[in-house]
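A.B. asks: Now for the letters of each chain:
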Amino acid sequence: DTAVSQTPKYLVTQMGNDKSIKCEQNLGHDTMYWYKQDSKKFLKIMFSYNNKELIINETVPNRFSPKSPDKAHLNLHINSLELGDSAVYFCASSLRVVHGYEQYFGPGTRLTVT
Amino acid sequence: KQEVTQIPAALSVPEGENLVLNCSFTDSAIYNLQWFRQDPGKGLTSLLLIQSSQREQTSGRLNASLDKSSGRSTLYIAASQPGDSATYLCAAPTGAGNMLTFGGGTRLMVKP
Chain A
1 DTAVSQTPKY LVTQMGNDKS IKCEQNLGHD TMYWYKQDSK KFLKIMFSYN NKELIINETV
61 PNRFSPKSPD KAHLNLHINS LELGDSAVYF CASSLRVVHG YEQYFGPGTR LTVT
Chain B
1 KQEVTQIPAA LSVPEGENLV LNCSFTDSAI YNLQWFRQDP GKGLTSLLLI QSSQREQTSG
61 RLNASLDKSS GRSTLYIAAS QPGDSATYLC AAPTGAGNML TFGGGTRLMV KP
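Residue numbers (the working numbering), protein chains in the order written: chain A, 1 to 114; chain B, 1 to 112.
Source of the hints: derived by calculation from the structure; they are not laboratory data. The structure displayed is predicted, hence computed values, not measured ones. Be careful, since some hints might not be right.
What the hints assert, rightly or not - Below are the DSBU-like pairs computed for lysine-lysine, each with C-alpha atoms no more than 30 Å apart in a straight line:
#1 22/A x 42/B
#2 44/A x 1/B
#3 22/A x 52/A
#4 42/B x 19/A
#5 68/B x 36/A
#6 111/B x 41/A
#7 22/A x 36/A
#8 9/A x 52/A
#9 40/A x 9/A
#10 67/A x 19/A
#11 22/A x 9/A
#12 40/A x 42/B
#13 42/B x 71/A
#14 111/B x 40/A
#15 42/B x 41/A
#16 68/B x 40/A
#17 1/B x 36/A
#18 41/A x 68/B
#19 42/B x 44/A
#20 42/B x 36/A
#21 1/B x 41/A
#22 67/A x 22/A
#23 40/A x 1/B
#24 44/A x 19/A
#25 52/A x 1/B
#26 67/A x 1/B
#27 67/A x 36/A
#28 67/A x 42/B
#29 111/B x 42/B
#30 9/A x 67/A
#31 44/A x 9/A
#32 44/A x 68/B
#33 71/A x 9/A
#34 41/A x 19/A
#35 22/A x 71/A
#36 9/A x 42/B
Stated by the list, open to error - Cβ pair distances, simulated, as ranges:
#37 80/A x 41/B: 23 to 29 Å
#38 3/A x 10/B: 28 to 34 Å
#39 60/A x 5/B: 18 to 24 Å
#40 60/A x 31/B: 19 to 25 Å
Ideal placement from N, C-alpha and C gives every residue a C-beta, glycine not left out.
Kindly produce the complete structure, drawing on both the sequences and the hints.
C.D. replies: Here it is as structure tokens:
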């Protein structure tokens with residue numbers, strides 16, 4: 001039944017490692033997103049992905065890369081993890097990429113880098 | 001560049017009060033504005049989406065208004081309940097890709 005799901009819910013890893021977070025939506029939406037919520041609870045957009053078109057927020061380091069095997073999935077790969085990457089990462093989706101469509105969020109993945 | 005601000009950052013009220021949460025944005029050329037609720041340690045739940053052509057949107061005890069010309073939106077919660085305690089976030093699409101810019105949130109506590 002879950003509309004937008006993410007795995008894992010918690011991820012603890014060491015600096016320098018490479019990790020992935022998976023996201024799946026069963027809403028039939030065209031567009032998916034990744035957001036980062038930092039320790040101060042502030043949410044920032046990282047990526048928008050629609051039909052193989054990737055729009056990147058300019059502040060996102062190139063260690064972060066989204067990968068979409070199909071329209072229902074958008075995974076987030078992070079290389080060479082740093083302490084500052086510790087945050088909660090949220091996946092979201094909307095029916096279309098154009099403005100005006102509601103976004104639905106997943107439950108989040110809490111990443112801790114030690 | 002769109003900037004979204006929410007005031008107050010925190011609010012504590014007794015049960016039963018009507019309250020208003022404020023959201024302001026700098027770029028009035030928005031297509032819509034979305035209000036979310038976030039419970040501690042949880043994801044975001046969409047509460048209301050107001051399109052730019054609308055002035056108000058209602059869902060149960062919640063009413064959201066949008067005034068593009070002044071760059072403001074408000075979320076009105078009627079007859080507040082302890083179960084309304086959460087962080088409320090507003091967000092507006094910015095730039096290409098329908099990406100949302102979020103405000104810092106208002107942390108609401110409703111005391112029994």
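A.B. asks: Please name the hints from earlier in the document that this structure breaks, with their numbers sorted from lowest to highest.
C.D. replies: none
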